[in-house]
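Undergrad: Residue strings, one per chain:
Protein chains: 2
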Amino acid sequence: MTLKKEILEIARKARETSQILANLPTGVKNAALRGMADALLRAAPALRKANARDVAAAREAGLSAALIDRLTLTEKVIQGMAASLREVAALPDPVGEVTRMWTRPNGLQVGRMRIPLGVVGIIYESRPNVTSDAAALCLKAGNAVILRGGSEAIHSNRAVAETLRGALTARGIPPDAVQVIPTVSRKAVEALLQMEKEVDVIIPRGGEELIRFVVSRSKIPVIKHYKGVCHVFVDSSADLGMAEAVSFNAKVQRPGVCNAMETLLVHCEIAPRFLPAMAEKLIAAGVELRGCPQTRRILPLVKPARKEDWTAEYLDLILSVKVVGSLEEAVAHIVRYGSAHTEAIVTRDYENARRFLREVPSSTVLVNASTRFSDGFELGLGAEIGISTTKLHSFGPMGVEDLTTLKFIVFGSGQIRL
Amino acid sequence: MTLKKEILEIARKARETSQILANLPTGVKNAALRGMADALLRAAPALRKANARDVAAAREAGLSAALIDRLTLTEKVIQGMAASLREVAALPDPVGEVTRMWTRPNGLQVGRMRIPLGVVGIIYESRPNVTSDAAALCLKAGNAVILRGGSEAIHSNRAVAETLRGALTARGIPPDAVQVIPTVSRKAVEALLQMEKEVDVIIPRGGEELIRFVVSRSKIPVIKHYKGVCHVFVDSSADLGMAEAVSFNAKVQRPGVCNAMETLLVHCEIAPRFLPAMAEKLIAAGVELRGCPQTRRILPLVKPARKEDWTAEYLDLILSVKVVGSLEEAVAHIVRYGSAHTEAIVTRDYENARRFLREVPSSTVLVNASTRFSDGFELGLGAEIGISTTKLHSFGPMGVEDLTTLKFIVFGSGQIRL
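The listed protein sequences derive, respectively, from chains A and B. Residue 151 in the working numbering sits at position 151 of the first sequence, with consecutive numbering throughout. Residue 162 in the working numbering sits at position 162 of the second sequence, with consecutive numbering throughout.
Keep in mind that the hints are not guaranteed to be accurate.
Copies of the same chain look alike in the list, so a pair counts if it fits in one copy or across any two.
What the hints assert, rightly or not - Each computed DSSO-like pair below joins lysine-lysine, with the alpha-carbon atoms no more than 27 Å apart:
(1) Lys197 x Lys307
(2) Lys49 x Lys13
(3) Lys76 x Lys5
(4) Lys303 x Lys4
(5) Lys281 x Lys5
(6) Lys307 x Lys4
Since the hints were made in silico from the structure, they are not lab data.
Work the whole structure out from these sequences, hints included.
TA: If you want it as structure tokens, here you go:
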């Protein structure tokens, strides 16, 4: 069988299964999710054994310690995967919800009902826990999922998927609800991206290069997130202590993630009072600062920021700092150099809070809180399937509801159009 | 200037303008829309003159009478365009609406605020009234629009756009809110489809071939609608008179549009009583019937339906007819051969109505009403920018709200992540 035929076979099975999944009662889905959690815990030794093969290969290939850490399935990681499955079981079922109803002058009652997307393709890198998290969220929303993880995690992903499929079969749900593409070649991804009849959406999770590859090849709609260049704007009226705490948290608490701050914007009126203590605290935490000319007038020892610093996603203990003359200038900087991900203002001014919230066109906009809250779980979605920085379908962290769509339902009594 | 540079210039101006449009007060947008209506009426003689050039060229090129009819700007069509602009002015403004708010255990208040998509590209064929309709809906939702109409309407589209831009300028709104691509070559479209940084969404409106071309080339998300193969299912318990009226209306009232019925499904228990009178009425209206073997046992004079009839979008007075054994068989036929557009059931059975509504995965599902109601205006959206038969972003007829997205807004009091 050619590779293309093999992928088509997988996609067709997913499409077929999706029609069954769309109409599963909530109780059946939740019982299956809990069964999947139990199965993962029971299979822990086998999963760790499969994972050991991937880890050994990664060591041999000389992958970085950080990457090997993300790849490794410890007992604790497996327990976390099982706990996530139980959490998804406890979430409300979005399928079948009627979000609104209204009546037309001719008596037609029109409403919108939430239904699954159908077949979801997830293309991701490294972490084997994405395999069970994505499978859980897709099942809860009534979708079939096709998973294509990184080549470095292939044995782990296959073992996790086989365990989940076994648990599905035991509950009478077709195991093709969760399928893993068994080939690691990019040709397999390319083939999948052509199957717009069988697959409804592609969610790539990984580096910018992977995502650009997917977008340029896909005939299927892609929900994507290139990078997170997040800003904190310290307004002239900010409480100094709060501004310091929020900025420090946004940069230092976990610098390697997409909702960490990369650029600090400071109003010129507060900069001389705010920046010296803030810089001292950041530098003490190991942060390298890169400043605009005005910043360097206040902090002469700071390196100059170059143009590429304003668009950089460092994912590291580096921070660019810019002094701005007004709220307008801060917003304009964010629009020009940002990535539409997450921005925060620290202020005590009612009107500036309101304007920042309204005018900043990013997927999450916060007042007096750290950018690190831009996360499906922290915002109250229960879990996260990914994040979107394009405005189509979803914008920002995506939960179970984002794996559904709304159809129109119409109740009539014989109406015809005149 | 190369073509690519010229298009990039247009796209950049649109992006820049979109930032101003996103924050325009509702009153300013509505006044501009009314000003655009007045301007179209004042410019009617000039518009008709420009249109006459297109019509003459179309006649010379031997275009069909139907196409020339759609292309022609009569006094009445221009009045209709002005009336639509006023209707859009009267619609509620979706921008800034906060659809939900909730509070997290740490005190963060999280909500979702509706904001414009940004820059919308519309690629369409023939009808010059799409130029003003699309411009109106995009402006109302705070978006800049880039319009690329069919080559046969180029003079008309330019004249309409110039009139609208003049009205915008007169109200202090940047005229680049509405731009027309001045080149008719497909290369211009191809160039536009690469500009994912400048354009947020592409909505193609036209034949399947145009849409497939756009999907295969676009790096920008596309909201699309390939075709409408709509079904009416007459259940065994249907009221015969209602079933006849709904089916007749769905097929005959306007056969050339995407929400007209193309296949009639009839439950075997009612077929012998329903089909003879129904067929007589349809044939009298000039409809050609093509039936499955069971249909032809009841109606021996009807032509046999071939396999390709079940997926055909006739857009004409032709109807395929199939007798089915159950609701399940009807739903399975729709899923297999349909286009996820619009389907109706005629029934008196509560449980079958409920199951059909729930299980049919099409964008509009009706009980006891004609498929012809699947239309933005008829469903109460006020106006329609297009229709989507893919489930991403929007599914079904799209109104002003579908030209917006939701961002997360967060009100804190200094929260940091632990």
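Undergrad: A separate judgement is required for each hint: does it hold in the structure or not?
TA: Against the structure, the hints come out as follows:
no.	hint	result
1	Lys197 x Lys307	between (44 Å within a copy, 19 Å between copies)
2	Lys49 x Lys13	neither (29 Å within a copy, 57 Å between copies)
3	Lys76 x Lys5	neither (39 Å within a copy, 55 Å between copies)
4	Lys303 x Lys4	neither (52 Å within a copy, 39 Å between copies)
5	Lys281 x Lys5	neither (58 Å within a copy, 47 Å between copies)
6	Lys307 x Lys4	between (44 Å within a copy, 26 Å between copies)
Of the numbered hints given earlier, the model fails hints 2, 3, 4, 5; all others are met.
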